[in-house]
Amino acid sequence: MSEQAETGEANATVQKMGKVDTSTVPTPTAPQAEGTGRVKMSGKDVCVHYGEKQALFDVNIDIMEKEVTSLIGPSGCGKSTFLRCLNRMNDVVDICRVSGAIEMEGDDIYAPDVDVVHLRARVGMVFQKPNPFPKSIYENIAYGPKIHGIVRGKAETDELVESALRKAGLWEEVKDRLAAPGTGLSGGQQQRLCIARAIAVQPEVILMDEPCSALDPIATAKIEDLIHELRENYTIVIVTHSMQQAARVSQKTAFFHLGILVEYGETETIFTNPRDEKTQGYITGRFG
Amino acid sequence: MSVVFVIALLGLIAAGYYLGQNRALRYRAADGPRLHSLPSYYGFYAALWCALPAAALLLVWMAGEGMLIESLILADIESELTGLSANEVGLVMNDIRNLASGGITSGDPSPLIKAAAQRYANLHHISLMAMFVLSLAIGAGGLLLAYRRVNPTFRARNRVERIIMALLMLSSTIAILVTIGIVLSLLFEALRFFAQVPFTEFIFGLKWSPQIAIREDQVGSSGAFGAVPVFAGTLLISFIAMCVAAPIGLFSAIYMSEYASRRFRSVVKPVLEILAGIPTVVYGFFAALTVAPFLRELGNSLGLDVASESALAAGAVMGIMIIPFVSSLSDDVITAVPNAMREGSYGLGATKSETIRRVVLPAALPGIVGALLLAVSRAIGETMIVVMAAGLSANLTANPFAAVTTVTVQIVTLLTGDQEFDSPKTLAAFALGLVLFVATLGLNIIALRVVRKYREQYD
Ligand SMILES: Nc1ncnc2c1ncn2[C@@H]1O[C@H](COP(=O)(O)OP(=O)(O)OP(=O)(O)O)[C@@H](O)[C@H]1O
Ligand SMILES: [Mg+2]
Chain S
1 MSEQAETGEA NATVQKMGKV DTSTVPTPTA PQAEGTGRVK MSGKDVCVHY GEKQALFDVN
61 IDIMEKEVTS LIGPSGCGKS TFLRCLNRMN DVVDICRVSG AIEMEGDDIY APDVDVVHLR
121 ARVGMVFQKP NPFPKSIYEN IAYGPKIHGI VRGKAETDEL VESALRKAGL WEEVKDRLAA
181 PGTGLSGGQQ QRLCIARAIA VQPEVILMDE PCSALDPIAT AKIEDLIHEL RENYTIVIVT
241 HSMQQAARVS QKTAFFHLGI LVEYGETETI FTNPRDEKTQ GYITGRFG
Chain C
1001 MSVVFVIALL GLIAAGYYLG QNRALRYRAA DGPRLHSLPS YYGFYAALWC ALPAAALLLV
1061 WMAGEGMLIE SLILADIESE LTGLSANEVG LVMNDIRNLA SGGITSGDPS PLIKAAAQRY
1121 ANLHHISLMA MFVLSLAIGA GGLLLAYRRV NPTFRARNRV ERIIMALLML SSTIAILVTI
1181 GIVLSLLFEA LRFFAQVPFT EFIFGLKWSP QIAIREDQVG SSGAFGAVPV FAGTLLISFI
1241 AMCVAAPIGL FSAIYMSEYA SRRFRSVVKP VLEILAGIPT VVYGFFAALT VAPFLRELGN
1301 SLGLDVASES ALAAGAVMGI MIIPFVSSLS DDVITAVPNA MREGSYGLGA TKSETIRRVV
1361 LPAALPGIVG ALLLAVSRAI GETMIVVMAA GLSANLTANP FAAVTTVTVQ IVTLLTGDQE
1421 FDSPKTLAAF ALGLVLFVAT LGLNIIALRV VRKYREQYD
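Protein sequence lines correspond, in order, to chains S and C. Per the numbering used here, numbering through the first sequence is continuous, rising by one, with the last residue being 288. Per the numbering used here, numbering through the second sequence is continuous, rising by one, with the last residue being 1459.
The hints are simulated quantities; they were obtained by calculation from the structure and are not laboratory data. Computed from a predicted model, the values in this text were never measured in an experiment. Be aware that a few hints might be false.
Claimed, not checked - One-sided and incomplete, this derived list gives chain C residues near chain S with beta-carbon spacing under 7 Å:
hint, residue
1, Ala-1336
2, Ala-1340
3, Gly-1344
4, Gly-1347
5, Glu-1354
As the list claims (entries may be wrong) - As a list, the in silico PhoX-like pairs of lysine-lysine whose alpha-carbon atoms are at most 20 Å apart:
hint, chain 1, residue 1, chain 2, residue 2
6, S, Lys-135, S, Lys-146
7, S, Lys-175, S, Lys-154
8, C, Lys-1207, C, Lys-1425
9, S, Lys-66, S, Lys-135
10, S, Lys-135, C, Lys-1453
11, S, Lys-66, S, Lys-175
12, C, Lys-1352, S, Lys-146
13, S, Lys-135, C, Lys-1207
14, S, Lys-175, S, Lys-222
Stated by the list, open to error - Computed from the model, here is a short list of chain S residues facing chain C with C-beta under 7 Å:
hint, residue
15, Ala-121
16, Asn-131
17, Phe-133
From the three backbone atoms N, C-alpha and C, an ideal C-beta is built for every residue, glycine too.
Chain C with its partners taken away, still in its complex shape (with noise of 0.2 Å):
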């Protein structure tokens, strides 16, 4: 049925596209005043007087819909439900829901309750019927209304070129709407952390362990949440990456902007973005299996106590992971020194290393610090490597073979498995995602900054 639909308002929407191109076309034969715009303009316009009515129309339907029907239903089986709580006729209509699309249901349901999910299932059925036809009408409707106004007169191209603006703007929209209600839902849980758990205890406290007895008996569940030790942990891990991660990539990067033949350069560089494609996960089990066994056995024979889940384990893998991100944008920012700035140093006699040291270099820093800074809040923000590779303890230490956790680790045992969603237990995990998007979040903008008020130096 559906097909049959979507088929029809395609061929109403191409429809709309001849009919008006045709109109206009048919303008151009009579030898009447000169079209405004080509032909296909008018179907264009057409097409998407067609194809929008209907499209806005089938959204809104779709989301006014399940209320409508719901409160139809709950009109009908109101004797039923006097006396039951908000969240109990909520199961009661998951019940009916179920049923009607041929589901299981929580125990055996009453006959009126099987009624409402036969009636439930008429309505949908009639309700889609009924969205069909009325988009295919507004459409037909649309369609009708933009060909009568096909004349020489009409600027189809300008109107056509303003419905793309609005539905690129639209997009964008979508976009940041989608971006802002993210950062309110972490605000507002968030903030229903902070009511039960002070904001400096959870900023400053120095000990982190969100178990919390759920018996009075229990032993050992205090729920303690100074974020202090899992923080330190992220920056620990973080830094360790960033020492693997800049060196090499600045260093790679260099090479190939500067000294590789443009072959090497055109089989290294894709190489070496491919370490950008491979999956987190593959780093984390890499991490996990390869990288931390060897560094405890190394760690063992110089005689060092190394944790098997390591933060230099995880670090170094991390660190590895965004190498590609560091070459790359690095690479890029050097090549776009300007040739003028290298020859004008040659020309002054100054050799290649000479050249690029104090010359190219500094010209390119704030794109490399840029990039450097973009690594880092790659780094802040990753979870795979970590949970594979660096453990769970919060363990509040500088030492890099020690085993520690980070805030992304942390976020993701609290959230996972079966979880009360108003526990500070729970809730700590949004707080921590707050600090961790304000974190990268200033990060990034820092980057950008960076990279912006410097770009115009050497033009």
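Next up, chain S with everything else stripped away, as it sits in the complex (with noise of 0.2 Å):
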């Protein structure tokens, strides 16, 4: 079956069914294909198994630099899954296993000789929840600086603390409390934190795990904004369930469904001419 008769017939069911509102489809908004057009990561038939359940099939995907990719799909489709593979951070798992090769600019991050603290001070994450240490403002982000040795002394410290509340636009509303607690702020400013957490660790991806739902629009603008501006320096991937914000946010849109990468390209395509039967269903929210 050539691609133009399966989407001819994708359009026909829509069609036929008749109650799909194609203008719920979003309209892909950010600026296209501006990075540098090097892949900064790519999974190679990336296989997922929790103990027995195998959770990803064959993922195949080139991740651009300085691009964001979102990851869309329903619940359960492995989203997260895929996006902990990118820091190994499933090795926290103990039935996790993880096979096929993902590399990052060439190397493999599953070989043997991969220090993982250090693969994840170059591909920092952020969480779905607002994890904020139940230590100061200022500590929560000066933490990772800390232990990597990034930076030497107090003035050092300060300088990079500024530096990361204001790329994560947060230092105006924290500057005069830095000695308060990082759990004291409301949701949006705590998510904010984390991300401003992630970068002062330098790192050249941020994986990003619905940083969103739980947040209000307002917060959630923000948090978009933000991601528009960390795209001129770091790679991002992120996760989303809102068609909308994918299609606000990122280049490329990736979307999953039961463990398999179904479509996978410019934000644009698959928001106005997916490919696949599938994706046009999900995006026109006709399952998921």
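Build the complex from these two chains, which are given one at a time in their own frames, with help from the hints.
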């Protein structure tokens, strides 16, 4: 079956059902393909098992440098699992086994001589639920740089803390209470604190697992603006359940379904002209 | 006889349940208005109304019976008792009671006393019968009352709920009242002690020697009640115990919660908790017979002078005893630190031990401090080990190889054996007990405060 026919068939289904309102498909607004055009990370035939259960099937994907890649798909389809493969966070889970290869700038990050700790400093992570440490705002940011010896002395640390908070757009709100506990901030502020914390270790890639799912629209907007700015310096991979968000922030979109990477490409293409019927169904809200 | 009564009462209660339930069921069968509650609630309601008044009567009767009978008997033999002091009257009464229950008496009882004892036994028997009959009657009365109230609009469910709540409240009140009673008795006895020995001497005095000369010509028993050496001994031993228990307990907690595989943990944790189940007297002879001689030998071979009953031996064994307190509680608080904290730290490229040291432990610190404080209060209050292994001499020393004594040991020695209960020597035990109680209470309160204050921090 040719690609043409497949799309045609999908469209036919849409028309036959008659109920689908195509206006619900979000319009991609993120500037397209402005990255360096280099591949930052790539997955080759990645399979993940949790015990007996397979969660990912032969995922092949190239993540482009200094672009935002969003991972979408119905709940339980393996988005978080894939994201956590990228900084080997799955190592923490006893029963999790990863096979295939994940490369970062051509080097396999699952190779035996790779230092996981070092890898995670290069590939930072922001979690779904803001998880600031029960320390002061200042300590939350300084924690990473201190353990990696990025900073020496108080002056340097102060400077780094300020710049990280500025980049995360939080400086103005917290500069007078750096000694206050990070857990005392609002949810959106906490999430930006976590982003600042990730930035402070100067990673190359930032992974975000549904960073806005616990936030209100205003806080979400702030984080999305932040992602736009961060794209200048960092490669970002974001998991999101919001089609609108994927359309707004990302250049590339990957659609997962039941552990299979169904479709991956330019966000614009995915949203305006998806190849696969399942993708079409998902982004129009027909299933998932 | 009592057995028959108990069976009868239980039967009555069961009957109450069935009657109440049946009446409710009959209402349901007839299509009247809908029953407010399930039939079983009507049953419970009737059963409770039967059981509670009967039980209340039993309690009141048993409390009042003795006094009543005694006053009757005393009135009978009044002529015999003229000119006797209250104490002697008490002795006579004791004889009568013993005679009545077939026990031995002091001396050969006079016929009058014998007659009184006979009467005592009779009265007691009658009273018992009356009690049984009356309580069954009251139970039946309550049952009838409750039974007649059963109708579809009657809210049996809510009533039963309220009665149950009242019972629960009663139980907790009893626990609280008993505690208050203990504290008050401690307080009053201690006040009697302080009437004889000045408070300042007790708290600040450096010499502890509670033996008091009974005769004028006895030597060496002046009676000095300076408690400082005793408290110092307690502190020294508790300190040694914590030096053993805190690191071992904490480290094993960290290992078990952060590193050990689930299988290892499921085996080792119960084993460690067995340590908490060993009776302290066993620890005591372990300390006295194994550890103390071993330390003494070791000290001798190193040229140190170690007493055969040393603070070190007692403290070390006590430390072993409280390891499970520290490890089990710390393990719980460490496990309670959300995984998100750990992942956040790993995500920044921290190693496991960095994560534990700089994120997990600080987050769990309040709970750990609470665990340690609880362990300290346990160590301070521990008796058996120190009685057997620490010795009796009240030395004021910080030398762990010397024999010291503790508050609990002194209380034991002051109160065991034949004692007069109003000499300063025995009363001193209450004063010591009071201080001990205040100290452990204070520690517990601080521990709970600390734990509560920081608990929500990472939620
Ligand atoms: N620790 C684990 N142990 C066992 N199975 C797991 C574990 N984590 C995830 N899974 C399974 O792997 C599959 C993929 O899970 P994953 O968390 O990646 O989904 P997801 O796409 O992120 O879903 P969501 O959108 O709800 O976050 C699911 O079927 C899940 O049950
Ligand atoms: Mg997920």
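These are the hints, each one checked on the structure:
1. Ala-1336: At about 13 Å, which exceeds the 7 Å cut-off, the nearest Cβ of chain S leaves the hint on C/Ala-1336 violated.
2. Ala-1340: Holds, about 4 Å.
3. Gly-1344: With Cβ-Cβ at 4 Å, under 7 Å, it holds.
4. Gly-1347: Where the cut-off is 7 Å and the nearest Cβ of chain S is about 4 Å from C/Gly-1347, the hint holds.
5. Glu-1354: Holds, about 5 Å.
6. S/Lys-135 with S/Lys-146: Holds, at about 14 Å.
7. S/Lys-175 with S/Lys-154: holds, 16 Å
8. C/Lys-1207 with C/Lys-1425: holds, 14 Å
9. S/Lys-66 with S/Lys-135: It is violated: about 32 Å lies between the C-alpha atoms, which goes past 20 Å.
10. S/Lys-135 with C/Lys-1453: Holds, at about 15 Å.
11. S/Lys-66 with S/Lys-175: Violated, at roughly 29 Å.
12. C/Lys-1352 with S/Lys-146: holds, 15 Å
13. S/Lys-135 with C/Lys-1207: The hint is violated at about 49 Å.
14. S/Lys-175 with S/Lys-222: holds, 18 Å
15. Ala-121: It holds, given that the least Cβ distance between S/Ala-121 and chain C is near 3 Å, below 7 Å.
16. Asn-131: holds, 4 Å
17. Phe-133: S/Phe-133 check passes; min Cβ-Cβ to chain C is 5 Å, inside 7 Å.
In the structure shown, a violation is registered for the earlier hints numbered 1, 9, 11 and 13, in ascending order.
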